[in-house]
Amino acid sequence: YETKSQTFYHYDTLKGANYYYVKPLVSELCQQIQQTNNIKLTDYLIPQHHIQQKNTCDCGIAVIALIQKISEQYSTLSPQQYVGNLSLGQLDFAQQRQELRTEYLTENGTN
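In this note's numbering, each residue's number is its place in the sequence shown (first place is 1) plus 4.
Hints were generated in silico from the structure; no laboratory data involved. Predicted, not measured: the structure shown is a model, and the values here were computed from it. Glycine included, each C-beta is placed from N, C-alpha and C at the ideal position. Each hint should be verified, as a subset may be incorrect.
[Unchecked claim] If you anchor each label on the Cβ, the simulated ranges turn out as follows:
| id | residue 1 | residue 2 | range |
| --- | --- | --- | --- |
| 1 | 7 | 112 | 33 to 39 Å |
| 2 | 99 | 44 | 37 to 43 Å |
| 3 | 78 | 20 | 19 to 25 Å |
| 4 | 6 | 59 | 25 to 31 Å |
| 5 | 21 | 45 | 16 to 22 Å |
| 6 | 32 | 106 | 37 to 43 Å |
| 7 | 59 | 38 | 35 to 41 Å |
| 8 | 8 | 53 | 20 to 26 Å |
| 9 | 107 | 42 | 44 to 50 Å |
| 10 | 78 | 54 | 17 to 23 Å |
| 11 | 38 | 107 | 38 to 44 Å |
| 12 | 104 | 40 | 38 to 44 Å |
| 13 | 100 | 40 | 37 to 43 Å |
| 14 | 113 | 50 | 39 to 45 Å |
The whole structure should be built from the sequences, with the hints applied where relevant.
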């Protein structure tokens, strides 16, 4: 959720498989935020399903990678830009998984 645009961005690396489940949740949240039941969901929920993972087991890695990319770029946005304008580029989840594994093992003295 981005407060300045009052928009939810739904990043789903499984081709939007979870979009059906997210819609009622976002609708309820928008009703609470906007204090009205007349919500046009497409004004508040933007699907971002263009980044795909190659398997069904990298969901957690995808979440970490997306959050890292968004947080790295967010501070560079001008006041006229929104999260939806970020260019996340190509993400290599297999490489990200290996980097996180190495980092974890190094920090925990098992590498």
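Cβ separation of residue 78 and residue 20, checked against the hinted range 19 to 25 Å: Holds, at about 23 Å.
CB-CB spacing for residue 107 and residue 38 relative to the 38 to 44 Å hint: Because 41 Å falls inside the window, the suggested range holds.
Satisfaction of the hinted span 39 to 45 Å by the C-beta atoms belonging to residue 113 and residue 50: 43 Å, holds
Cβ distance range 37 to 43 Å for residue 32 and residue 106, holds or violated: 41 Å, holds
Cβ separation of residue 104 and residue 40, checked against the hinted range 38 to 44 Å: This hint holds: roughly 42 Å between Cβ atoms.
Cβ separation of residue 78 and residue 54, checked against the hinted range 17 to 23 Å: For residue 54 against residue 78, whose Cβ atoms are near 19 Å apart, the range 17 to 23 Å holds.
Pairwise beta carbon distance, residue 59 to residue 38, judged against the given window 35 to 41 Å: Holds - the Cβ-Cβ distance for residue 59 and residue 38, about 38 Å, lies within 35 to 41 Å.
Whether the CB-CB distance between residue 7 and residue 112 falls inside 33 to 39 Å: For residue 7 and residue 112 the Cβ distance comes to about 36 Å; the hint holds.
Distance restraint evaluation - residue 100, residue 40, Cβ atoms, bounds 37 to 43 Å: Since the Cβ atoms of residue 100 and residue 40 sit about 40 Å apart, the hinted range of 37 to 43 Å holds.
Status of the given 16 to 22 Å range, CB of residue 45 versus CB of residue 21: 18 Å, holds
Satisfaction of the hinted span 20 to 26 Å by the C-beta atoms belonging to residue 8 and residue 53: Taking Cβ atoms as reference, residue 8 and residue 53 lie about 23 Å apart, which means the hint holds.
37 to 43 Å as the expected CB spacing between residue 44 and residue 99, which holds or is violated: 40 Å, holds
The structure agrees with every numbered hint stated previously.
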